[in-house]
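Asks: Protein sequence lines, in the order shown, are assigned to chains A and V.
Numbering-wise (my numbering), the first sequence opens with residue 738 and increments by one.
Numbering-wise (my numbering), the second sequence opens with residue 163 and increments by one.
Keep in mind the hints are simulated off the structure, nothing from the lab.
Treat the hints with caution; some may be incorrect.
[What the hints assert, rightly or not] Straight-line Cα separation of at most 27 Å, DSSO-like style, residue types lysine-lysine; simulated pairs:
id: 1; chain 1: V; residue 1: Lys304; chain 2: V; residue 2: Lys466
id: 2; chain 1: A; residue 1: Lys925; chain 2: A; residue 2: Lys968
id: 3; chain 1: A; residue 1: Lys817; chain 2: V; residue 2: Lys326
id: 4; chain 1: V; residue 1: Lys264; chain 2: A; residue 2: Lys739
id: 5; chain 1: V; residue 1: Lys320; chain 2: V; residue 2: Lys304
id: 6; chain 1: V; residue 1: Lys450; chain 2: V; residue 2: Lys182
id: 7; chain 1: A; residue 1: Lys747; chain 2: V; residue 2: Lys264
id: 8; chain 1: V; residue 1: Lys403; chain 2: V; residue 2: Lys425
id: 9; chain 1: A; residue 1: Lys925; chain 2: A; residue 2: Lys812
id: 10; chain 1: V; residue 1: Lys242; chain 2: A; residue 2: Lys867
id: 11; chain 1: V; residue 1: Lys242; chain 2: V; residue 2: Lys466
id: 12; chain 1: V; residue 1: Lys304; chain 2: V; residue 2: Lys357
id: 13; chain 1: A; residue 1: Lys972; chain 2: A; residue 2: Lys890
id: 14; chain 1: A; residue 1: Lys812; chain 2: V; residue 2: Lys304
id: 15; chain 1: V; residue 1: Lys182; chain 2: V; residue 2: Lys210
id: 16; chain 1: A; residue 1: Lys817; chain 2: A; residue 2: Lys755
id: 17; chain 1: V; residue 1: Lys320; chain 2: V; residue 2: Lys407
id: 18; chain 1: A; residue 1: Lys812; chain 2: V; residue 2: Lys466
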Amino acid sequence: MKIFSGSSNKALAERIAKACDATLSPTEIFVFPDGERRIQVQERVVDEDCMVVQSTGTPVDTNYMELFFLVDALKRSGAKSVTAVVPYLGYQRQDHVFRDGEAVSLDVVVHALERSGASRVITFDLHSIKIPEVFSVPVVHLSALPLFADKIKNFGEGTLVSPDMGGLRRINKMSDMLDNMPWIATIKDRDLDTGNISIEKIEGDVSKLGNKAFIVDDMIASGKTIVESAKLLHKHGATEIYVFATHAVFSKEAPELLENSLVKKVFVADTVFVPEEKRFPKLEILTVAQMVAAAR
Amino acid sequence: MAKNDDFVLLTGRSNPALAKEIGKILGVEVLEPISVFSDGEIRVRIAKNLRRRMVFIIQPTSTPVNDHIMELLFMIDAAKRASAFEVTAVIPYYGYGRQDRKEMSRVPISSSVVASAITAAGADRIFTIDIHSEQQEGFTRKPWDNIFGSYSLLPAIKKKHLSKLVVAAPDKGGMLQATGYAKLLGSDNIALVYKKRDIQLNNVSNTLAMIGEVKDKNVLLVDDMIDTAGTIVNAANHIHKQGAKSVRVVATHGIFSGQALEKISDSAISEVIITNSIAQRPEVIKNKKITIVSVGPLLAEAIKRIKSGESISKDLIL
Chain A
738 MKIFSGSSNK ALAERIAKAC DATLSPTEIF VFPDGERRIQ VQERVVDEDC
788 MVVQSTGTPV DTNYMELFFL VDALKRSGAK SVTAVVPYLG YQRQDHVFRD
838 GEAVSLDVVV HALERSGASR VITFDLHSIK IPEVFSVPVV HLSALPLFAD
888 KIKNFGEGTL VSPDMGGLRR INKMSDMLDN MPWIATIKDR DLDTGNISIE
938 KIEGDVSKLG NKAFIVDDMI ASGKTIVESA KLLHKHGATE IYVFATHAVF
988 SKEAPELLEN SLVKKVFVAD TVFVPEEKRF PKLEILTVAQ MVAAAR
Chain V
163 MAKNDDFVLL TGRSNPALAK EIGKILGVEV LEPISVFSDG EIRVRIAKNL
213 RRRMVFIIQP TSTPVNDHIM ELLFMIDAAK RASAFEVTAV IPYYGYGRQD
263 RKEMSRVPIS SSVVASAITA AGADRIFTID IHSEQQEGFT RKPWDNIFGS
313 YSLLPAIKKK HLSKLVVAAP DKGGMLQATG YAKLLGSDNI ALVYKKRDIQ
363 LNNVSNTLAM IGEVKDKNVL LVDDMIDTAG TIVNAANHIH KQGAKSVRVV
413 ATHGIFSGQA LEKISDSAIS EVIITNSIAQ RPEVIKNKKI TIVSVGPLLA
463 EAIKRIKSGE SISKDLIL
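Only chain A is shown next, with the shape it has when bound in the complex (with noise of 0.2 Å):
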């Protein structure tokens, strides 16, 4: 199998290529001075099973571009299949629609993959279990749960906590892997016009709730609601608060938000390429690479 890389999360690509024991195979990504790109790839692939990694956070539309015309590249040099590892799948949240006129954008960017010629998809953790079925292609849902519980394991007993209704699935999924830890969920508001989030209760016992509690969730975007859940937590004596998020999705106030909340460590998976300016002494990366290498 060769593997190519978008401009997305090269540094995944090439723990993805070392833990397959391979090497990344070479593409050239131009961008013309008005802000088109062009892609070369650059071995030959006729018959050969190929792997594109592109990861589709911020720019997201430009990254689902890339991955676009680099499958299309694939398929028309003669590839024999092309799975398509997107580690954060951009516009899940967009899943359905909402509100009456809203657009499922989702749809759109899965079917533009497909007609691109993507033959296989690899993701983590999406936002709903439903979301496989919007894709004609077979996908390959891995989860980076089982990395997180290796780590709260490390930290003894506590609680779980699920930020929001929506991931009580998730927070039973891993209260199993944990010998059936407690765990607790607050609950969210969010006001749709504004998109402000306000985090007042708790859903579950809240006598379960120990010096230590583990937010648990798929994503960390504005980092508003970790914040606020933190802040619940720490009102009902927790102490020691550690939040696990696979994709970290940070806007740009995020890292500052985060690092100054009531938050002890943040741990994010490689899912997203996190540069520089946004990481923070509280930040620690686990790679999702080896799943990747096994699922090939």
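Based on these hints, arrange chain V on the given structure of chain A.
Replies: Chain V alone, transformed into the frame defined by chain A:
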């Protein structure tokens, strides 16, 4: 049913001014359904009933091209899901149009990828102005109407009453367009600037050569677009050196990337006439050498004909 209630105009963020101009001509409001999430993901919401309506989405896919393409795709999707009767993607400038073939090994045909994505999203028709190569219409099985900016540009040129006019192409690929303009301007004089390999020197280099007589003539250089302006400026300076009285440039799409404006300022070009197929930056609008002509009336007329089922090729395509 109220007048004009049978069709709806949408615009993304690439050229809302052009969309509003078209809306004004056609007497309808233009909807702007795009907003953005904090992480940069685009969000579309069309806050109007589109059921059984014809929908026209006006969105040139200019810089930032990838975002503008995605906005277009999501608007198409939202319109189809809202039960629009027919969705036309009006793309006055079609980005990635120059990547229309495999010019080297193992490259994508990016323009084809974009066309497939547009039709996969649900567009029933693509509508462009001066696409880089008309063969691209074959990238999809949906109808693709391509019209020419000459309809809007010709009156601006004719107004100048240029005597001793020569229409010139800046490279071999521009000959078809140059002969078209010459015919429409009633000029028999055509010139061509082309790259010649100079092998007299030890190192091979490209020098310019010319076919056609330009001495003491008013020359009009014609091209489909001006991007970094390298080709057009070199051709203009070459023509000037051959003794031309004046050199003007006419092109449909003004991209003006990189050092384009500086190159034009420092060149022998006296005037550049382009259209607003791409929304122009303030420094382009302020540039004294550049005249911008609107394709709004042309697009408004075309939209009117599409919705009423009239021919577009009859007298709109010059």
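Asks: Now tell me if each hint is right for this structure.
Replies: Each hint tested on the structure:
no., hint, in the structure
1, V/Lys304 to V/Lys466, "holds (20 Å)"
2, A/Lys925 to A/Lys968, "holds (13 Å)"
3, A/Lys817 to V/Lys326, "violated (60 Å)"
4, V/Lys264 to A/Lys739, "holds (22 Å)"
5, V/Lys320 to V/Lys304, "violated (36 Å)"
6, V/Lys450 to V/Lys182, "holds (25 Å)"
7, A/Lys747 to V/Lys264, "holds (26 Å)"
8, V/Lys403 to V/Lys425, "holds (17 Å)"
9, A/Lys925 to A/Lys812, "violated (44 Å)"
10, V/Lys242 to A/Lys867, "holds (22 Å)"
11, V/Lys242 to V/Lys466, "holds (21 Å)"
12, V/Lys304 to V/Lys357, "violated (38 Å)"
13, A/Lys972 to A/Lys890, "holds (25 Å)"
14, A/Lys812 to V/Lys304, "holds (23 Å)"
15, V/Lys182 to V/Lys210, "holds (17 Å)"
16, A/Lys817 to A/Lys755, "holds (22 Å)"
17, V/Lys320 to V/Lys407, "holds (18 Å)"
18, A/Lys812 to V/Lys466, "violated (40 Å)"
Of the numbered hints stated above, those contradicted by the structure are hints 3, 5, 9, 12, 18, listed in ascending order.
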